[in-house]
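For reference, the chains in residue letters:
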Amino acid sequence: MSAFARTRSVAGAVAWRGIHNAFTNPAFLLPSMLFPLFFFVAFAGGLSGLQNAPDFDYPAGYTSFQFGFVCIQAAAFGGVFTGFAIAADFEFGFARRLMLAAPNRGGIVIGYMLSAMARAAVVIAVVFAAGMASGMQLDGSAGDLLGLLALALAVSAVSTLLAAGIAMRLRSMQAAPVMQMPVFILLFLAPVYVPLNLIAGWVHDVARLNPFTAFLEASRGFVAGEPDKIAISVACLAGLFAVTALWARSGLRSAERAG
Amino acid sequence: MTGERAIEVTGLVREFKGGIRAVDGIDLHVAAGEIYGFLGPNGAGKSTTVKVLTTLLPPTSGQARVAGFDVAKEGAKVRASIGVALQDVALDPMLTGREHMRLQAGLQGIPRAERAERGNELLERVGLSDAGDRKSSTYSGGMKRRLDLALALLHGPRILFLDEPTTGLDVQSRTALWDEVARLAREEGTTVFLTTQYLEEADVLADRVGIIDNGKIVAEGTPAALKAQVSRPTVEVIPRDAADWAATSEALRPFGEQVGERQAGSIAVRLRSGAEQLADIVRALDVANVNVAHLALHEPTLDDVFLAKTGRSLEGAAAAEAAPDEGAAPDRAAA
Amino acid sequence: MTALASANLPSQVGLLAGRAITHIVRAPAQVVFPIVFPLVLLAVNTSGLDAATKVPGFPTASYLDFALAVPFMQGALFAALNGGQDLARDIEGGFIDRLALTPMSGAALLAGQLGGALFMGVVGAVIYLLVGLILGVGIAAGVAGALVLLLLAISISFAFACFGMFIALRLGDGQAVQGFFPLFFVLLFLSSAFYPRDLIEQDWFRTIATYNPVSYLVEGIRSLVITGWDAGALLPAFGIAAAATVLFLTLSSRALRTRLTRT
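Protein chains in written order, with the working numbering: chain A, 1 to 259; chain B, 1001 to 1335; chain C, 2001 to 2263.
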């Protein structure tokens, strides 16, 4: 088998396990499903009055505005939850089994990443169904929606690589808050409740520099049928991917060294 | 304490949900100042018995009196008279040894002025004085059990319950604990009710042993009496010169009947009396001018007792429980 | 013997409360996070939701004034779950058996644990109030109002702590206790914590918020900050806190009997 084929089979096996575990074990499935759904309901339901604020320009309505957020949130947190699974694998010794069995360890990380992306896709589909059922206004075309999905999957991949790097270094469930906090903070120092122009104070300054702002705006652009901030999102994602891939790889090396 | 009996149990039954009888009608008694060993494999009902006797579980039926008080009706009085060290050494990882002692002393109602002194005295006794100001999470397994013992003894109980006190301990810690338990009984007259799955422990420490299996007591008595019930010691002699075989056999004849050869060229005789005949045996061999290469006395063990009573080996059961992967003993143990 | 035990009740409570507080103080990471996180969230939301104040009918000019009530709720929740996990750990690890073998009364155990949770709740409440004052929030009900605010926050802490005790005794498992955190998170969001009840547009959401007791707790605290003395907001808040306390304290005593088994 060529190196590529080996990597592919390892990634496939790990991905299959991740997906299987995620969808057959309620303890894994529920948080990744309920968390985004909950935010969707709470924000779109409770804060919809915000669209009456002056200068709130979003053509597709507040529910769609929040749908754009929730897609990115589901993707980002899906990566974190996959990180939890990796940390648990290390803590309970399963990771050692994987590392012994797999000739190409990079494939293991790719496998985790793929399972996170698959999970994100399913969660987004569920949230989408919920949104449509509640009468969400969808102005994007099929192409726009595919773009949205691609964006979310890319965010998921990056988030998984970040979490994986942390999980492989700390190798225990104590890593959970360390994985969760950065993503949570990045996500919330962005235009979550209102568009960027309506955010005041220091958060506005931080949000302008936060790549997640671009992702949220791109996501909302797709939903509204007015694609926006795509170039910058792609550029940020490419950069983040490179950085987090290196981070994950060095995390893998650290885990290998620890045996 | 009424009479001489520290612990008196009659027809004790403890049933759990689903009709499982962990303790299925046991009778036992322990005299004051005695060390009673409760021996049995895992799941035999030892810990459940201890929990009932220490008032942590109510009996389903039957009677039990500890320190003269009924465990079901006079629980508080029983608790005031006993010290308990349970199987799971439940300590607070964030408190130091000394803080544990202070908490226990306070809850036991020891006057504030005496608390520190009592605590330090007991820590000293179990050898934890130096480690007293470290958090219990830093203690080794042996140290944790010692702290457990100190806590149990803090209010000066006359009766001490120890539930598998040396499980998981290294040899040194185990021996140290045995010494302390023996000393407590000998010097302070403390009654000790000890459960264990190690027959050596029961053999060495206990004045009397009760063997429990599947919730019932299958044998009870002093270790020596129990072993004698099952079998008498065998002496095995190998003469240096094979030609002396017949002479050896003749010399040993008065002492008991010959049993099958253990090793080639050896003679084994089951003694009519017991080990005290050994001196006479040596003299007899000497008179017969036999040069002895090897002489050994084989005593029956409590495992032999268990096997005789239950058809299963206690050691085999314990070993099988401890190391299932290593396939230690042949699978005679049904438990 | 029993007479002696109850005579010692205050000292038993003291010992056990001291232990509960020792647990809190010796695990600073567990304390820092629950106190700091609500403040971080407050800071983020104050900027992020500033636009809310521009919506016609919004009661305050600054979102900070509006949302200051929220950290008190989160702090109370964290303190309660922390206390619950502490007790669950005692049950799981068997320490409760050790306590059961002493003359300690069950009530002392409950009171001691509550003491610990209350300690954390009080510390948190004082910190949030001070932070609010430093950031320029004016308490509409004045100095007396600030004291009543602390009293209300502490009452809410106490009610939540009783709940924490109850689930710890009922479930006996630290992880299960932690599982309640998301539930409260949800309850907090599906309330008027972040947005005025009368301005919520979606009917179904407004209905949920109206039936959610958390809304009234938050509104009670908030009223002291932004309105002044408003019996219509304070009475429901104190009432719910009191009712929850009585309910969960009763349930806890009952659950304690199954955990602290002894004859």
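Read the hints as simulated data drawn from the structure, not as lab findings.
There may be inaccurate statements among the hints.
To be verified - Over the 12 Å line for every Cβ pair with chain C, so calculated as not near, a few chain A residues:
(1) Ala118
(2) Ala121
(3) Leu138
(4) Ile199
Said to hold, decoys possible - Computed footprint of chain B on chain C, listed as stretches where at least three residues anywhere in the stretch have a Cβ under 8 Å from a Cβ of chain B:
(5) 2019-2028
(6) 2240-2254
Even glycine gets a Cβ: it sits at the ideal position worked out from N, Cα and C.
Evaluation of the provided hints:
1. Ala118: The claim holds: Ala118(A) sits with its nearest Cβ about 24 Å from chain C, beyond 12 Å.
2. Ala121: About 23 Å separates Ala121(A) from the closest Cβ of chain C, which puts it past 12 Å; holds.
3. Leu138: holds (18 Å)
4. Ile199: Violated: least Cβ distance 6 Å, not greater than 12 Å.
5. 2019-2028: holds (count 5)
6. 2240-2254: violated (count 0)
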